[in-house]
Amino acid sequence: MRTQSRREWLFNTVYGLGGLTLAAQLPGGGIFAAPALADALADPLAPKQPHFSPKVKSVIWLHMDGAPSTLDLYDYKPELIKLAGQEAPASFLNGIKTSTQGGVGKLFASNRSWKQYGESGAWFSDLLPNLAQHADKIAFIKSSTTIGATHDISILKLNTGDTSPGRPSLGAWVTYALGSANPDLPAYVVLYSGKKEPTGGSVNWSSGFLPAVYQGTAFRPGASPILHLDRPELIALSEQRDGLDLLKRLNEQRAALHPEDTELQARIRSYELAYRMEATAPEAVDLTKETDATKTLYGLDDPASKDYGTSLLRARRLVERDVRFIQVVSGPIEAAGNEDARNWDAHQDLEKNHGAHAKAVDKPIAGLLADLKARGLLDSTLVVWTSEFGRTSYGQSGNGRDHNPWGYTQWIAGGGVKAGSTFGETDEIGLQAVGKKVDTYDLHATVLQLLGLDHLKTVFLKAGRAERPTVVYGEVVKELLA
Amino acid sequence: MMPKLVIVLTIGAAILATSANAERRTIDLHDYDDDLMRDLDKTIKYFEPDITAKNVQGALDDAAVLQDGFKYTEDYFAKKGGADDAVLISKEGLNYIAAAIKSVSANDFDSAAEAARGAAKTCRACHDIYKPLKK
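Protein chains in written order, with our numbering: chain R, 1 to 482; chain X, 1 to 135.
Just to be clear, a hint being listed does not mean it is correct.
[Said to hold, decoys possible] No farther apart than 27 Å at their CA atoms in a straight line, the calculated lysine-lysine pairs in the DSSO-like style are these:
1. X:Lys121 / R:Lys436
2. X:Lys45 / X:Lys102
3. R:Lys457 / X:Lys45
4. R:Lys437 / X:Lys102
5. X:Lys79 / R:Lys462
6. R:Lys462 / X:Lys45
7. R:Lys462 / X:Lys121
8. X:Lys102 / X:Lys131
9. X:Lys45 / R:Lys478
[To be verified] The following label-pair restraints were derived from C-beta to C-beta distances:
10. X:Thr26 / R:Gly85: 37 to 43 Å
11. X:Lys131 / R:His228: 24 to 30 Å
12. X:Thr26 / R:Glu479: 36 to 42 Å
13. R:Arg249 / X:Lys131: 40 to 46 Å
14. X:Thr26 / R:Ala181: 25 to 31 Å
Derived by calculation from the structure, the hints in this document are not laboratory data. Backbone N, C-alpha and C fix where the C-beta goes; we use that ideal spot for every residue, glycine too.
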């Protein structure tokens, strides 16, 4: 009698009665809805129906890498200014473990001026003069919390919900549940600026235990978004097509023997997608046809904001091409006086660090919101401004701030969002969230809701067990919805 | 909703409300079966999703693991002594699991999911007292 391998056993378990019954009811259940390889290969990226009418079609997920001090951008705290230079009162430190790097320094206020903007009266510091003009488009979440006090772990939590690798990123869940709306481009694209991949790397756009076809595709900065995408000079188009056809046949034969190998299935699709993308991807990120006015709107005329502005203009072009989820990671900046390029991680010299980073992102993000609005895309797009955590009210190194997972600000804007609103707050010195807190799972649940997906019903069967993007956590923050 | 489930949930809610205000206590737990607790932690995260997804077999398999775990925990704390609240919470966990199984068997997945959420809360209620969790 032939014994089953562990893989075969798991595969058969997944395709067992429970799996089939379940799959028929799931958005994104394509792969598991039919056990035959031919059907599984039919198209895991085919568009799928959401649970209910979506408010948005695409998400632009703006990750401010390194964790900005939202205390110096949005969360105006007169009490902190008043108490600056003193020890943090013990009452503010209750319930938190503060010894992340350098212990608790004296309360620190940076040299900011603050003003209220728009009809909503949202506070912005002088670091974000352009974004402030869009106050009434934004719904702030001022009681954000997370877990972890190191970047890699909290970035993972931001993108996947968990602090250990292995779970799918939010973009992968979205792609799994809704499929692709453009067969010629990846449904999930990652954009970044700077010279190297973002902190934490590709695990932050991984498909985790979902089939590999749902992972994000990182577009490199520069004219060629994907390495070696161009057809080699000495190979004719027909030769390339013949070669790909042969490769496809061989891969499909192999895949028929190993239907559980989602990596191979993903590879078969990626060869074909890459072939189509030879034309579509460079065009999607080619800004030569954009007007000078548009480029200026995104800050491409200023060396300080050119890189990030380029990423955001590309993001808008991808939204126009129906890409579902665009994850944009801000890059490190070589600020004057800094030997190494740094991200927002201002353990020292916050003034210089945040001055440079705010200048890099302020005009581009304001430009993105204005441009989406002008083109009628803001109603069908969700823009999420987020980071792995915030920064402490107490200082570090004299003029910097430490990591703060206990209370910080994020915001969302776009379709279905209660524009010009603020949800939650931090304490009087901006150290800890008070009242109802918003965890990464809550944010994910809310994003999924706006895409027409019930986070409790977005399910993938893994070895006979139901996995969801928010596990058993997460609540839609209804107060953020219009 | 079935009257029995209402009673279970009401009693459970009362216990949870009590435990929420309970003081944290230090007790030597070194002889608790950590592997079992890890299994419970993993399984409780599948239980309600399996029910919501109407994955009947998965949910019943989860329930079996959880029943074993809650029973072990009840016996463990009963034997340890001085932890009556933990014994009570374990019993409530068992009640929730039993209610969930009954509802799943009757294809009443909404009630089953509610009971599963109650079971998850009993886990947290006990941890809040004996070993606080971050999430």
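Hints, one by one, checked against the model:
no. : hint                            : result
1   : X:Lys121 / R:Lys436             : holds, 18 Å
2   : X:Lys45 / X:Lys102              : holds, 19 Å
3   : R:Lys457 / X:Lys45              : holds, 14 Å
4   : R:Lys437 / X:Lys102             : violated, 35 Å
5   : X:Lys79 / R:Lys462              : violated, 37 Å
6   : R:Lys462 / X:Lys45              : holds, 13 Å
7   : R:Lys462 / X:Lys121             : holds, 24 Å
8   : X:Lys102 / X:Lys131             : violated, 31 Å
9   : X:Lys45 / R:Lys478              : holds, 24 Å
10  : X:Thr26 / R:Gly85: 37 to 43 Å   : holds, 38 Å
11  : X:Lys131 / R:His228: 24 to 30 Å : violated, 52 Å
12  : X:Thr26 / R:Glu479: 36 to 42 Å  : holds, 38 Å
13  : R:Arg249 / X:Lys131: 40 to 46 Å : violated, 57 Å
14  : X:Thr26 / R:Ala181: 25 to 31 Å  : violated, 55 Å
Consistency note: the structure conflicts with the earlier hints numbered 4, 5, 8, 11, 13, 14.
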